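> Once you have looked at the hints, place chain B on chain A.
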Amino acid sequence: GENVEQHPSTLSVQEGDSAVIKCTYSDSASNYFPWYKQELGKGPQLIIDIRSNVGEKKDQRIAVTLNKTAKHFSLHITETQPEDSAVYFCAASAIGGSARQLTFGSGTQLTVLP
Amino acid sequence: NAGVTQTPKFRILKIGQSMTLQCTQDMNHNYMYWYRQDPGMGLKLIYYSVGAGITDKGEVPNGYNVSRSTTEDFPLRLELAAPSQTSVYFCASSPPTDYEQYFGPGTRLTVT
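These protein sequences, in sequence, are chains A and B.
Counting in the working numbering, the first sequence runs from 10 upward without gaps.
Counting in the working numbering, the second sequence runs from 385 upward without gaps.
One or more of the hints may lead you astray.
Stated by the list, open to error - Rough simulated footprint, nothing fancy, chain A against chain B, three-plus residues with beta-carbon under 8 Å: (1) 421–431; (2) 479–490.
To be verified - Here are the simulated lysine to aspartate or glutamate pairs, EDC-like style, with alpha carbons at most 16 Å apart: (3) A/77 <-> A/14; (4) A/67 <-> A/88; (5) A/80 <-> A/14; (6) A/51 <-> B/443; (7) B/428 <-> A/11; (8) A/80 <-> A/36; (9) B/428 <-> B/443; (10) A/77 <-> A/58; (11) A/31 <-> A/65; (12) A/46 <-> B/484; (13) A/77 <-> A/36; (14) B/428 <-> A/14.
It should be emphasised that the hints constitute simulated quantities derived from the structure, not laboratory data.
What you are looking at is a predicted structure, and each value in this text was computed from that prediction instead of being measured.
C-beta atoms are modelled at their ideal positions from N, C-alpha and C, and glycine is treated no differently.
With the rest of the complex left out, here is chain A:
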């Protein structure tokens, strides 16, 4: 089955700096890579996703890059703000499967220091 590894487990940045979180996956059949943000006491919420037919996707201050050859993808947050502090999870899935199962990474606790 799929295995997703995520680094780092914790990340502290100064407000206004950039943050980068990296994930690697093992199953070459995976072709859908979402990122979820989990605030304290809440369920995860999708912030951005990318499919294997593109190498980069941006949405305002967040972007995701994908390298299918190396089997890794990254989340980039620019101009970080205190409200970006949360746990971020990457995930991988093979679109076309009957259940659309997601395999999650272990999470990154991001702290944005004012």
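Relative to chain A, chain B alone:
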């Protein structure tokens, strides 16, 4: 829409007791999922359903059972609770036209 709702929010069980975690969604999503989240371990899929009457095992199904008699409801049953089932449980749903999963607020379960 209320989205995905879960009850209870918190529960303490004694070893060997049983309980049902409730999950309801009002978005007419056909896909529904149950995850458990242990500290530092991410989310692990317990069971999933692709529609009413259809369920299947995920990565960590042992000690749990599910049913899906309606589109809206997807309860998770714990039989003979064990300390290893102490975790936060999340229910999620997904529409047929998108891959985004919508999560409920979670149930924090402690087994002592």
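> Does each hint fit the structure? Answer for all of them.
Hint by hint, here is what the structure shows:
1. 421–431: This one holds; 6 residues, not fewer than the three required, reach chain A with a Cβ under 8 Å.
2. 479–490: holds (count 7)
3. A/77 <-> A/14: holds, 15 Å
4. A/67 <-> A/88: holds, 14 Å
5. A/80 <-> A/14: holds, 11 Å
6. A/51 <-> B/443: Roughly 23 Å between the alpha carbons, so the hint for residue 51 of chain A and residue 443 of chain B is violated.
7. B/428 <-> A/11: Holds - the C-alpha atoms of residue 11 of chain A and residue 428 of chain B are around 12 Å apart, at most 16 Å.
8. A/80 <-> A/36: Holds. Residue 80 of chain A to residue 36 of chain A sits at ~8 Å (cutoff 16 Å).
9. B/428 <-> B/443: holds, 7 Å
10. A/77 <-> A/58: holds, 15 Å
11. A/31 <-> A/65: holds, 14 Å
12. A/46 <-> B/484: holds, 13 Å
13. A/77 <-> A/36: Since the Cα atoms of residue 77 of chain A and residue 36 of chain A sit roughly 10 Å apart, the hinted pair holds (cutoff 16 Å).
14. B/428 <-> A/14: Between residue 428 of chain B and residue 14 of chain A the Cα gap is close to 13 Å, so the pair holds against 16 Å.
Checked against the numbered hints given earlier, this structure breaks only hint 6.
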